[in-house]
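Asker: The hints should help you fit chain F onto chain G, whose structure is shown.
Number of protein chains: 2
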Amino acid sequence: MNAKNSSMTDALKWTGTQLQVLDQRVLPEEIRYDYYNDAQGVTEAIISMRVRGAPAIGIAAAYAVVLSVKVHYSEHNSNWQQQVKADIEQLRGSRPTAVNLFWALEIMNKAMDVENVSPIASLEVLAKKIHQDDIAANHTMGALGAELLIEAKGVMTHCNAGSLATGGYGTALGVIRSAYKQGLRKIYAGETRPWLQGARLTVWELAQDGIASTLIADSAAAWLMKSGVIDWVIVGADRIAANGDVANKIGTYSLSVLAKQHGVKVMVVAPTSTIDWAMVSGEQIEIEQRQPKELLNDCYLDEHSLVDAWNPVFDVTPAYLITAIVTELGIVLNPSEVNGVKSLQ
Amino acid sequence: MNAKNSSMTDALKWTGTQLQVLDQRVLPEEIRYDYYNDAQGVTEAIISMRVRGAPAIGIAAAYAVVLSVKVHYSEHNSNWQQQVKADIEQLRGSRPTAVNLFWALEIMNKAMDVENVSPIASLEVLAKKIHQDDIAANHTMGALGAELLIEAKGVMTHCNAGSLATGGYGTALGVIRSAYKQGLRKIYAGETRPWLQGARLTVWELAQDGIASTLIADSAAAWLMKSGVIDWVIVGADRIAANGDVANKIGTYSLSVLAKQHGVKVMVVAPTSTIDWAMVSGEQIEIEQRQPKELLNDCYLDEHSLVDAWNPVFDVTPAYLITAIVTELGIVLNPSEVNGVKSLQ
Numbered sequence: 086m087n088a089k090n091s092s093m094t095d096a097l098k099w100t101g102t103q104l105q106v107l108d109q110r111v112l113p114e115e116i117r118y119d120y121y122n123d124a125q126g127v128t129e130a131i132i133s134m135r136v137r138g139a140p141a142i143g144i145a146a147a148y149a150v151v152l153s154v155k156v157h158y159s160e161h162n163s164n165w166q167q168q169v170k171a172d173i174e175q176l177r178g179s180r181p182t183a184v185n186l187f188w189a190l191e192i193m194n195k196a197m198d199v200e201n202v203s204p205i206a207s208l209e210v211l212a213k214k215i216h217q218d219d220i221a222a223n224h225t226m227g228a229l230g231a232e233l234l235i236e237a238k239g240v241m242t243h244c245n246a247g248s249l250a251t252g253g254y255g256t257a258l259g260v261i262r263s264a265y266k267q268g269l270r271k272i273y274a275g276e277t278r279p280w281l282q283g284a285r286l287t288v289w290e291l292a293q294d295g296i297a298s299t300l301i302a303d304s305a306a307a308w309l310m311k312s313g314v315i316d317w318v319i320v321g322a323d324r325i326a327a328n329g330d331v332a333n334k335i336g337t338y339s340l341s342v343l344a345k346q347h348g349v350k351v352m353v354v355a356p357t358s359t360i361d362w363a364m365v366s367g368e369q370i371e372i373e374q375r376q377p378k379e380l381l382n383d384c385y386l387d388e389h390s391l392v393d394a395w396n397p398v399f400d401v402t403p404a405y406l407i408t409a410i411v412t413e414l415g416i417v418l419n420p421s422e423v424n425g426v427k428s429l430q
Numbered sequence: 086m087n088a089k090n091s092s093m094t095d096a097l098k099w100t101g102t103q104l105q106v107l108d109q110r111v112l113p114e115e116i117r118y119d120y121y122n123d124a125q126g127v128t129e130a131i132i133s134m135r136v137r138g139a140p141a142i143g144i145a146a147a148y149a150v151v152l153s154v155k156v157h158y159s160e161h162n163s164n165w166q167q168q169v170k171a172d173i174e175q176l177r178g179s180r181p182t183a184v185n186l187f188w189a190l191e192i193m194n195k196a197m198d199v200e201n202v203s204p205i206a207s208l209e210v211l212a213k214k215i216h217q218d219d220i221a222a223n224h225t226m227g228a229l230g231a232e233l234l235i236e237a238k239g240v241m242t243h244c245n246a247g248s249l250a251t252g253g254y255g256t257a258l259g260v261i262r263s264a265y266k267q268g269l270r271k272i273y274a275g276e277t278r279p280w281l282q283g284a285r286l287t288v289w290e291l292a293q294d295g296i297a298s299t300l301i302a303d304s305a306a307a308w309l310m311k312s313g314v315i316d317w318v319i320v321g322a323d324r325i326a327a328n329g330d331v332a333n334k335i336g337t338y339s340l341s342v343l344a345k346q347h348g349v350k351v352m353v354v355a356p357t358s359t360i361d362w363a364m365v366s367g368e369q370i371e372i373e374q375r376q377p378k379e380l381l382n383d384c385y386l387d388e389h390s391l392v393d394a395w396n397p398v399f400d401v402t403p404a405y406l407i408t409a410i411v412t413e414l415g416i417v418l419n420p421s422e423v424n425g426v427k428s429l430q
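These protein sequence lines are chains G and F, in that order.
Counting from 86, one number per residue, gives the positions in the first sequence under the working numbering.
Counting from 86, one number per residue, gives the positions in the second sequence under the working numbering.
For reference, chain G alone in the conformation it holds in the complex (with noise of 0.2 Å):
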């Protein structure tokens, strides 16, 4: 299986009459795309995982909204906002934690409220206009992360904040693309129990664009910061709060606890449609608890074991262990000393 062509891993390909989905379960062994023709499809997509990473399910969720105005919408259905709106609240329920899923259903909810003699069209272009902006913002945040990169020997990344879990080019690795590209060579990732999106995706994903990288067990991390090859722990984020506290990929918190003690400088990557302005802290943010079998051997899985696990997929990581959070509207160093995020509202 070979994917030297850029466009064969896009996380989401829309076609005009359906969404093509990379399944992104199945990488790095199998390269298999799933369409969908209606936002029940899109819905299972995003709760199986099929589709993953804050902005991409933002897009996703946004064309779900196209195919369902696509089945809904004609001049003798009266009734079709009703049906797309119990079609947009399936899609709000698929994740909880990820701000993106929200933040794009309200722009596509707002725009079908608009009086419109062709609203099929309107909001297909919405939607691909959401798609266009993610990518043209994940390369504006690759050029801005990069110059915080100039010095750099070594970065580490966690989870996968790439091209598959955006519109394209990446958050995390946009950046890392961008910092390549002005010599940076130490690139490593963190495998990211229990999904493995490290080891299954973005070290993949990177080869793919022909950059070298190096993966290391999560809990190794703590020991390539002691051996004083990184100064940079980049990553993505699910959310941001408007005091800058950042939701992500569990061990996000555990790398920025582990990058303060070292010395190793935190960059968030996110897009400010990952900025929710009505969190004042991270700690109103529901974090998604996930299923123990992702954790535990089959032999645990009945009803009587002794044996449990507890699984959260993300964790907040407080202001002020962050040193950056890189937008496409601009950076903002140390956002626990200056108010949060508040500067790009």
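It should be emphasised that the hints constitute simulated quantities derived from the structure, not laboratory data.
Check each hint, because a few of them may be wrong.
[To be verified] Straight-line alpha carbon distances no greater than 27 Å define the calculated DSS-like cross-link-like pairs of lysine-lysine that follow:
#, chain 1, residue 1, chain 2, residue 2
1, F, Lys-213, F, Lys-98
2, G, Lys-345, F, Lys-311
3, F, Lys-213, G, Lys-378
4, G, Lys-311, F, Lys-378
Because the structure is a prediction, the values reported are computed rather than measured.
Answerer: Chain F in isolation, oriented as in the chain G frame:
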């Protein structure tokens, strides 16, 4: 496959003519013993990680020397000691970090040099004594360590420092077993990538004893600490330097740094056979690097792959991050403040 009979879960069984080694690579799905009649076989069992855990490796090596003497000794072979010493050299090369291996081999080697009319019998007695002393030490440490946990709400352990890693009862898990008897109920185990000793061995071993536990991803430990449910991290050790620095499974250093930042205490439980008095500090301890393939998908294993892995199997925790070192000779509190572990010498 049911192993309620605790004798079934011994890592090592000595029959008098052979060493039976539980293949820990196939747990918990399968309980399978491999039988060894010579030192070469036991060397391979250590290299292949059928047997792992510093004390268990030392005990296996002691029995391997007995097997070697059985093979080579006869009244007519004046060269038998050289032949056994060659086997000992092979055993010394099997794993580099756990000092119990070298400690046990040194005891057996010295005993062999003593003029003796029945070296097979006396060396067998010695190997069995090393084994029994380890079990006794674990029970002593269990009682001593549990005293520190009288008021503990919850604990976390890493890797497997249990019955499977020792002669029996366990070091860290020995303390947890003893604390369980006095009422401790919240017990968390980290998965411990890449070999998953926590997920495959620790929670299984505890369940065999009727003790419930909760598995977490290694990178969730910081978030668990932040939630306030644990007040101790309890681990074993592969080598302790004279100043109290501790080499143990990769991730122990990470947990210790995180523990310090969260007001969680760190207990290291190890018999004095794990102390390397010749090592002034942990910086001199050789850290075993294992194959990248333990972390990498098969598709990255060809020589042109852009994906590599950094796979240190141990790390070193400086003494100042350790609250207590529990040995069979007593507890050293705050080793960095009391001249390391010298009080035990």
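Asker: Look at each hint and say if it fits the structure.
Answerer: Verification of the supplied hints:
1. F:Lys-213 / F:Lys-98: The hint holds at about 10 Å.
2. G:Lys-345 / F:Lys-311: Cα-Cα ~16 Å, so holds.
3. F:Lys-213 / G:Lys-378: violated (41 Å)
4. G:Lys-311 / F:Lys-378: holds (23 Å)
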